[in-house]
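**Student:** If you want the building blocks of each chain, they are given just below.
Number of protein chains: 4
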Amino acid sequence: MADTPKTRIATSDETSITVRGHDLVRELIGRRGFTETLYFLTVGEFPSAAQARVLDACLVTLMEHGLTPSAIVARLVADSVPGEAQAALAAGLLTVGSVFVGTMEGCARLLKEGLAPGVQADAYCRDTVARHRAEKKAMPGFGHPLHKPDDPRPPRLFEVAAEAGVAQAEIALLRKLGAELDRQAGRHLTVNATGAVGALLLGVGIPVEAMRAMAVVSRAGGLAGHLVEEGATHSGRAIWRMVEDGIPYEDPEK
Amino acid sequence: MADTPKTRIATSDETSITVRGHDLVRELIGRRGFTETLYFLTVGEFPSAAQARVLDACLVTLMEHGLTPSAIVARLVADSVPGEAQAALAAGLLTVGSVFVGTMEGCARLLKEGLAPGVQADAYCRDTVARHRAEKKAMPGFGHPLHKPDDPRPPRLFEVAAEAGVAQAEIALLRKLGAELDRQAGRHLTVNATGAVGALLLGVGIPVEAMRAMAVVSRAGGLAGHLVEEGATHSGRAIWRMVEDGIPYEDPEK
Amino acid sequence: MADTPKTRIATSDETSITVRGHDLVRELIGRRGFTETLYFLTVGEFPSAAQARVLDACLVTLMEHGLTPSAIVARLVADSVPGEAQAALAAGLLTVGSVFVGTMEGCARLLKEGLAPGVQADAYCRDTVARHRAEKKAMPGFGHPLHKPDDPRPPRLFEVAAEAGVAQAEIALLRKLGAELDRQAGRHLTVNATGAVGALLLGVGIPVEAMRAMAVVSRAGGLAGHLVEEGATHSGRAIWRMVEDGIPYEDPEK
Amino acid sequence: MADTPKTRIATSDETSITVRGHDLVRELIGRRGFTETLYFLTVGEFPSAAQARVLDACLVTLMEHGLTPSAIVARLVADSVPGEAQAALAAGLLTVGSVFVGTMEGCARLLKEGLAPGVQADAYCRDTVARHRAEKKAMPGFGHPLHKPDDPRPPRLFEVAAEAGVAQAEIALLRKLGAELDRQAGRHLTVNATGAVGALLLGVGIPVEAMRAMAVVSRAGGLAGHLVEEGATHSGRAIWRMVEDGIPYEDPEK
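Sequences listed follow chains F, S, C and Z, in order.
790 is the number of the first residue of the first sequence in our numbering; add one for each residue after it.
790 is the number of the first residue of the second sequence in our numbering; add one for each residue after it.
790 is the number of the first residue of the third sequence in our numbering; add one for each residue after it.
790 is the number of the first residue of the fourth sequence in our numbering; add one for each residue after it.
So here's chain F without its partners, still in its complex pose (with noise of 0.2 Å):
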């Protein structure tokens, strides 16, 4: 099989592109929209208009949040390779990873396996936050250093699922998830944006194994302003400098 992989993604001859078995030119520019393209080519199928309203607010949710890493990093790399953007987004999206962003997945697999047939909502988590908590290890899509006492974006965000009718078994078991791990941790941990994407695009038919993709997206749109700005302001050279006097060098002989 791999020795003759095929790809059914798209082809192209002389006078046309075909994308899916759909032609790009009549059936998908100035038809389609990018979101429900990405969707498309993602996921194999168009989506429903709920389905695209609630991708594109996930979309939207993860655009921006002001100066992170990914958007420090970026600024830096455009100050040193003027006139390629690409360079510059690349190395920022490097860090949309395992930390930050992973937690998106990791949330939406726990709801997967919480709703698979014949699993028990209030028992799989008990015991899935016991285990979380047996093992030391953060429970993802919870908790926020900033927002306290609550993220303010999963709100919204169920607002609009509801709206469009779906996703609605997802949030329920991830609020419940929420309630459970309050209880056992004795205070109140804020369901968070990751949670919330997770969720949602999980209730659209995002598979889990895209959802990073679905960040990367997102974070380029955001990282596109911030590259705007750069070329205005040269933080680079001004973050360089903060962080040169920041951490201070200690001879390690002595």
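A hint or two may mislead.
[Claimed, not checked] Here are a few chain Z residues that face chain F, going by a calculated C-beta distance under 10 Å:
#1 G872
#2 G886
#3 G891
#4 Q973
#5 E1033
#6 I1036
[Claimed, not checked] Calculated lysine to any residue pairs in the SDA-like style (CA-CA distance at most 25 Å, straight line):
#7 K1043(S) to T807(Z)
#8 K925(Z) to G872(F)
#9 K965(C) to A951(C)
#10 K965(F) to H921(F)
Worth flagging that the hints you see were computed from the coordinates, not collected in a lab.
Just so you know, these numbers come straight off a predicted model, no measurement behind them.
The beta carbon of each residue, even a glycine, is placed where N, CA and C say it ideally should be.
Using the hints provided, position chains S, C and Z relative to the given structure of chain F.
**Tutor:** Okay, now just chains S, C and Z, sitting in the frame of chain F:
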């Protein structure tokens, strides 16, 4: 100035996230689409419906063109670094450089210059084409190795822009440049997708400096689909074998 | 602590650069080799001549293995982004991940564990092999898709280490693990280059956490040669064509 | 030609690996150093001892200069993507671009041009400096924001080259360019490290096109040390905080 840079992009506190003066939760999530928000973050103001529609069509146009270098690179990296999709995407996006996509900006720059106040269009086209020919440089935005006699995407993009009522001056000048290029070259060279996208993005107010980033966002979306397929087909191994077989070793000592 | 981090790596002023307590100009340039300085920066102290020699042999071992994914990726990016070799190299180096090179660290971790005080070698080998077999996991550092029955690099690396008089315990345990693996598997699996390099790096005092970086340095050197050749042969275009031809499109609707 | 490219770099079979016509195991591992092999892979022939020594000194010179953008970027990515050092290194290496390191090649190109047969050195220096001044362009290889009045690295590099008996014409011309620059500018601008390295690399036969890759290899080595320290200090979080605090948000609507 550079000593105390500021940012106008985003800030957050315990209970809110503010993006360019607007509340993320109340004003953006579920109210503004991804493409609108991308425009907003890049340009600093919200697009009209027409501008959003045209930017969206441009994003869809550049997403997918089959097994291009960006897709090949992303697949090879995905096969080497499982579970970290951002690494595969970042590597693939590094190909969005001057050779393939940079022509979009080059073309937009020519159009911007030709549309400056007081520039006479016929003379501008004549001189611009002549200069490129004298310097044996390809005119950015024209010609395509596969799509002959015409790239099928520009006419559809022009149609979308006409329906939206934007970018008409840019498209007219692009066509005039093309006609002059054909005249001086003595043969037909198609306006290509990057040329048409450059004209439309310029026409809806995307700064030339931000166009590469738009292409990166679009290609990130396309690559998401390739990563899903790679997870199923493991084409990376087959690609490796094809290349090893296709590029034989020749002894440098002989 | 994290609030006021310090660095012990380098500082500079108008007239000097100090690297880990040593004057770059007077003590390092022209006095210490690149490999010695790499060790110094990574470990915090200068290597003995034997340690430097063995690290150097490991770096040479991993540099070049033909048209591997890292080389293919670097060539494709170089062809897309001329004049920015760092982009091609960065993309190529992103492949130095868990699948191909991570086995070096996995093997080194096994050896470190087996060499801990009080561990009985025979039992450790028996149990370690049995556990990998029970979990259907490949033993890191063993087996090679091409080099059969034996990878030719490990014997030479062991010879270099023996001459230098270092890493003998690590090599002995690696061999014992290999013999036990053969016994339990009922067939011969070669110690491979990453296994041997893992043993030697561990034996000369490179922390397991720094081994991936050693591989990156080595591969960066190998890729330098590929970029020079790419500049002459433009194989990137041929690779693209091979892949497009070799992976045919199949209509997903059919 | 491009249709059937060949490679002269490496091939392998079941029992051997051949690198540019030489057996990796018998002729390279343990017999040739990393720096020698780097030269061999890049240039196509083995360096003399003098050439290897000078290349080695250049690699050591560029390895480490404290918390530069490349180190900051690598640390931030390492903190976001644990266990995948190649991602942090790749991101950091993306900064090795035209602004900081590209001056090495720019300077080497000037020297190469000035040393071409029939070029008169005094006139060349006078014209080259005048042209850069007229175009308000910095002369690549001169000036340093911190090291004043003189970068301490070039004199040591010149000493190493003198001892090795190579690159003397390149160094002489670099000095002459510097003297002429000082004369026309009416103030002293130091030869900087990238200028000196450019002269030495040119003098030992490294093609200008391969110089960026040499810098990448060197910086990869330096970043290895930063990643080890990052693993201990987690400075990434502190850097994030410094930047958020140091670059305040300003409302774009006001």
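**Student:** Find the hints from earlier in the document that the structure breaks and name them by number, from lowest to highest.
**Tutor:** 4
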